[in-house]
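Those protein sequence lines, which keep their order, are chains A and B.
If you read the first sequence in our numbering, its first letter stands for residue 12, the second for the next number, and so on.
If you read the second sequence in our numbering, its first letter stands for residue 11, the second for the next number, and so on.
Calculated directly from the structure, the hints in this document are not laboratory data.
For glycine and all other residues, C-beta sits at the position ideal for the given N, C-alpha and C.
Among the hints, a few may not be true.
To be verified - Covered stretches of chain A (chain B as the covering partner; in silico rule of three or more C-beta atoms under 8 Å from a C-beta of chain B): (1) 285 to 295; (2) 415 to 421.
What the hints assert, rightly or not - Calculated cross-link-like contacts (lysine-lysine; reagent style BS3-like; alpha-carbon spacing at most 30 Å): (3) A:Lys236 x B:Lys66; (4) B:Lys186 x B:Lys118; (5) B:Lys118 x B:Lys158; (6) B:Lys200 x B:Lys186; (7) A:Lys281 x A:Lys236; (8) A:Lys281 x A:Lys343; (9) B:Lys118 x A:Lys236; (10) A:Lys281 x A:Lys298; (11) B:Lys172 x B:Lys200; (12) A:Lys281 x B:Lys158; (13) A:Lys444 x A:Lys329; (14) B:Lys172 x B:Lys186; (15) A:Lys236 x B:Lys158; (16) B:Lys186 x A:Lys346; (17) A:Lys298 x A:Lys329.
To be verified - The following residues of chain B were derived to be distant from chain A, with all beta-carbon distances above 12 Å: (18) Phe43; (19) Val53; (20) Asp54; (21) Gln71; (22) Ala76; (23) Glu79; (24) Arg80; (25) Arg82; (26) Ser83; (27) Ala87; (28) Leu151; (29) Leu184.
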Amino acid sequence: MSDEDDIETPVLTEATSILEDGNCEPAKNPESVDQSAKPESKSEPVASTRKRPESKPSSDLETSEVLPVQASQAAGKETVSKDVPQSGWGYWGSWGKSLLSSASATVATVGQGISNVIEKAETSLGIPSPSEISTEVQYATGETHAKENETSSPMTGPFGVFSTISTAVQSTGKSVISGGLDALEFIGKKTMDVIAEGDPGFKRTKGLMNRSSTLSQVLREAKEKEELWTSNEVTMETDKKTHYGLLFDEFQGLSHLEALEMLSRESEIKVKSILNSLSGEELETLKQELEQLKEAFSLAEFCEEEEEEKKGDEDFTKEITELFSQLNVSSKPEKLARARNTAYEWIRTSLSKPLEEKEEGEKQLEAEKTAHINKNSIEDIHAFAIRSLAELTAYSIELFHKTAALVLHGRKQEVTAVERSRTLSQMTVMLCKELSSLSKEFTTCLTTAGVKEKADVLNPLITAVFLEASNSASYIQDAFQLLLPVLEISLIENRTELPEA
Amino acid sequence: MEAIWLYQFRLIVIGDSTVGKSCLIRRFTEGRFAQVSDPTVGVDFFSRLVEIEPGKRIKLQIWDTAGQERFRSITRAYYRNSVGGLLLFDITNRRSFQNVHEWLEETKVHVQPYQIVFVLVGHKCDLDTQRQVTRHEAEKLAAAYGMKYIETSARDAINVEKAFTDLTRDIYELVKRGDITIQEGWEGVKSGFVPNVVHSSEEVVKSERRCLC
Numbered sequence: 012m013s014d015e016d017d018i019e020t021p022v023l024t025e026a027t028s029i030l031e032d033g034n035c036e037p038a039k040n041p042e043s044v045d046q047s048a049k050p051e052s053k054s055e056p057v058a059s060t061r062k063r064p065e066s067k068p069s070s071d072l073e074t075s076e077v078l079p080v081q082a083s084q085a086a087g088k089e090t091v092s093k094d095v096p097q098s099g100w101g102y103w104g105s106w107g108k109s110l111l112s113s114a115s116a117t118v119a120t121v122g123q124g125i126s127n128v129i130e131k132a133e134t135s136l137g138i139p140s141p142s143e144i145s146t147e148v149q150y151a152t153g154e155t156h157a158k159e160n161e162t163s164s165p166m167t168g169p170f171g172v173f174s175t176i177s178t179a180v181q182s183t184g185k186s187v188i189s190g191g192l193d194a195l196e197f198i199g200k201k202t203m204d205v206i207a208e209g210d211p212g213f214k215r216t217k218g219l220m221n222r223s224s225t226l227s228q229v230l231r232e233a234k235e236k237e238e239l240w241t242s243n244e245v246t247m248e249t250d251k252k253t254h255y256g257l258l259f260d261e262f263q264g265l266s267h268l269e270a271l272e273m274l275s276r277e278s279e280i281k282v283k284s285i286l287n288s289l290s291g292e293e294l295e296t297l298k299q300e301l302e303q304l305k306e307a308f309s310l311a312e313f314c315e316e317e318e319e320e321k322k323g324d325e326d327f328t329k330e331i332t333e334l335f336s337q338l339n340v341s342s343k344p345e346k347l348a349r350a351r352n353t354a355y356e357w358i359r360t361s362l363s364k365p366l367e368e369k370e371e372g373e374k375q376l377e378a379e380k381t382a383h384i385n386k387n388s389i390e391d392i393h394a395f396a397i398r399s400l401a402e403l404t405a406y407s408i409e410l411f412h413k414t415a416a417l418v419l420h421g422r423k424q425e426v427t428a429v430e431r432s433r434t435l436s437q438m439t440v441m442l443c444k445e446l447s448s449l450s451k452e453f454t455t456c457l458t459t460a461g462v463k464e465k466a467d468v469l470n471p472l473i474t475a476v477f478l479e480a481s482n483s484a485s486y487i488q489d490a491f492q493l494l495l496p497v498l499e500i501s502l503i504e505n506r507t508e509l510p511e512a
Numbered sequence: 011m012e013a014i015w016l017y018q019f020r021l022i023v024i025g026d027s028t029v030g031k032s033c034l035i036r037r038f039t040e041g042r043f044a045q046v047s048d049p050t051v052g053v054d055f056f057s058r059l060v061e062i063e064p065g066k067r068i069k070l071q072i073w074d075t076a077g078q079e080r081f082r083s084i085t086r087a088y089y090r091n092s093v094g095g096l097l098l099f100d101i102t103n104r105r106s107f108q109n110v111h112e113w114l115e116e117t118k119v120h121v122q123p124y125q126i127v128f129v130l131v132g133h134k135c136d137l138d139t140q141r142q143v144t145r146h147e148a149e150k151l152a153a154a155y156g157m158k159y160i161e162t163s164a165r166d167a168i169n170v171e172k173a174f175t176d177l178t179r180d181i182y183e184l185v186k187r188g189d190i191t192i193q194e195g196w197e198g199v200k201s202g203f204v205p206n207v208v209h210s211s212e213e214v215v216k217s218e219r220r221c222l223c
């Protein structure tokens, strides 16, 4: 393992070797990589971030054959340990890239390892404000592109997976990277595009997805670890409130995800057997039609609205309800809309003006309220933020599950599978954007409430909110992808016009 | 306190469409009665902690199934991993009572090789004036299948707690006696995390801190 001064070298080395040998075996983060990190980087887990389960070790792998996520995790560690002597924001860019690389691969491993990176990063670096993040991301994006233009092969990109993804996207002719995207949308879009595009990048991601455990398994393991941990640390009452996995389960997100996976799996098997039973022209026609569906699942709409438009409560409710009615399933998104609006209401209250600025008459009335608001410590805000993210994500996945059930077993359809897919992809984009702007609102709350706090107290909380928002977006996108086989079978069944029961 | 429970039981709630399965579960888990309710799509999920003895808590994962025939292929998949079940009929709807037999046959086929401890629930007992099924005949049917019988009302909160906790206790006894064992690859009963500190029971009331959703 190279241990040169150039911090990007390890990323390059590892990522390149993966890409070159195309090995798709899961690998544990090798010990040798760990050793390169400095001892002090073994910090205690920050209460707000959680450990994600490591993937199973594979016995006969060489050090260089690590998963992209772990590669970047390792890279993150190295970056951090080397950054320790340096302070300030000079190296935030590098850290951001590591995070982006990891996040881009969350499809496969649900962001495992990011927590580690962040725990270490934030202990030594601190985290910039939201606006700095987006600036940095744009900067990083530009830089990556510049590098890629120089080098024709994706393997030589400086940021491992990240650049591979950009290249994959570029090669399909879809311009997806442009200014104005914040970090979260950016990550989400990358993830999405990679999954959705039918190119080498897609296949690789797909490969990762198949051989690692399912999304719900990974989440379940994470939750169980959290349970175990919290049961051992029962004295720390507040900690439980910030465990995304536990909260996600409490809102029944895991159960709905498992149920959705089940429907997805069943549909996938059916589709395969139908395709196997066909041949010649019939097969080709069907394949073409299915290809249309896949296209609809590619979330190209991500780039359409670059403008930051802040949605009111009615707007969100209206928009999501409209999208749902287009689906023509009987399910309604009320629960989701309510949870979303509750979160915003809480934020508004939290950010409402302090006592002095109120008019004299209102003072008395507001006194009680303000007293309550003032009690919203940064810990409270953080806890509420994590809870809201878990809640919204769980309800989003519930909606996808219900949609799958209704597409499969609903009444006669007047909407085609392709139309539904487009609507669903619009909905996915919308939900991810919603999570993005919600997380920004929460971090605004945090920075407002925590002006007097030290950076090393405030920053980990801000990071955690962004991290969970980004994870949430990944979960939603993964859940969306689970709908593809469901719509495929729906397309086939409608098309064959068999006397369906 | 979410994380601390002795066991986790998975319970399934079945019965004809519109007998009030979802309302019963929501009364139990959310403590309120939902006046208007859309038909359940496929399957829904709820959970609650139940304290069966001081300091001994069981986490119940409750599977709410759609009564509609068209979702049967989805709901069937959930029998296998359930340790207990509530079989509901509507005391004002004779047809739903007559279908109890069919529901039991259906579960028998799909639960193999495991078993489900069922309780027969005559629901909507607040509507006594419209009653079409007598308590006596319901008890007789339940006894014939070795089930307990209980009459409940989600609207008036009658026997809702009792229906769930009695079933939970019965299962707990079977687990304690070793008649039901935790098995690999079966989700019906799972062992919880045993705390290293003894807790007061005040943490238990989970329903109080649930959001209003």
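Hints, verified against the model:
1. 285 to 295: Check failed, 0 qualifying residues.
2. 415 to 421: holds (count 5)
3. A:Lys236 x B:Lys66: Holds: A:Lys236 and B:Lys66 sit about 22 Å apart, inside 30 Å.
4. B:Lys186 x B:Lys118: holds, 24 Å
5. B:Lys118 x B:Lys158: holds, 17 Å
6. B:Lys200 x B:Lys186: holds, 13 Å
7. A:Lys281 x A:Lys236: Outside the cut-off at roughly 35 Å; violated.
8. A:Lys281 x A:Lys343: Holds, because 28 Å separates the two Cα atoms, which is no more than 30 Å.
9. B:Lys118 x A:Lys236: violated, 35 Å
10. A:Lys281 x A:Lys298: Measuring from Cα to Cα gives roughly 15 Å; hence the hint holds.
11. B:Lys172 x B:Lys200: holds, 22 Å
12. A:Lys281 x B:Lys158: violated, 41 Å
13. A:Lys444 x A:Lys329: Cα-Cα ~16 Å, so holds.
14. B:Lys172 x B:Lys186: With Cα atoms ~20 Å apart, B:Lys172 and B:Lys186 stay inside 30 Å; holds.
15. A:Lys236 x B:Lys158: violated, 38 Å
16. B:Lys186 x A:Lys346: Between B:Lys186 and A:Lys346 the Cα gap is close to 39 Å, so the pair fails against 30 Å, i.e. violated.
17. A:Lys298 x A:Lys329: The hint is violated at about 36 Å.
18. Phe43: Given that every Cβ of chain A is farther than 12 Å from that of B:Phe43, nearest at about 17 Å, it holds.
19. Val53: Violated, because the least Cβ-Cβ distance between B:Val53 and chain A comes to about 6 Å, which does not exceed 12 Å.
20. Asp54: B:Asp54 is in fact no farther than 12 Å from some Cβ atom of chain A, at 8 Å.
21. Gln71: violated, 7 Å
22. Ala76: violated, 8 Å
23. Glu79: violated, 9 Å
24. Arg80: violated, 5 Å
25. Arg82: violated, 9 Å
26. Ser83: It is violated; B:Ser83 is separated from chain A by about 7 Å at its closest Cβ, not greater than 12 Å.
27. Ala87: violated, 6 Å
28. Leu151: Holds, since 30 Å exceeds 12 Å.
29. Leu184: Holds, since 24 Å exceeds 12 Å.
Of the numbered hints stated above, those contradicted by the structure are hints 1, 7, 9, 12, 15, 16, 17, 19, 20, 21, 22, 23, 24, 25, 26 and 27, listed in ascending order.
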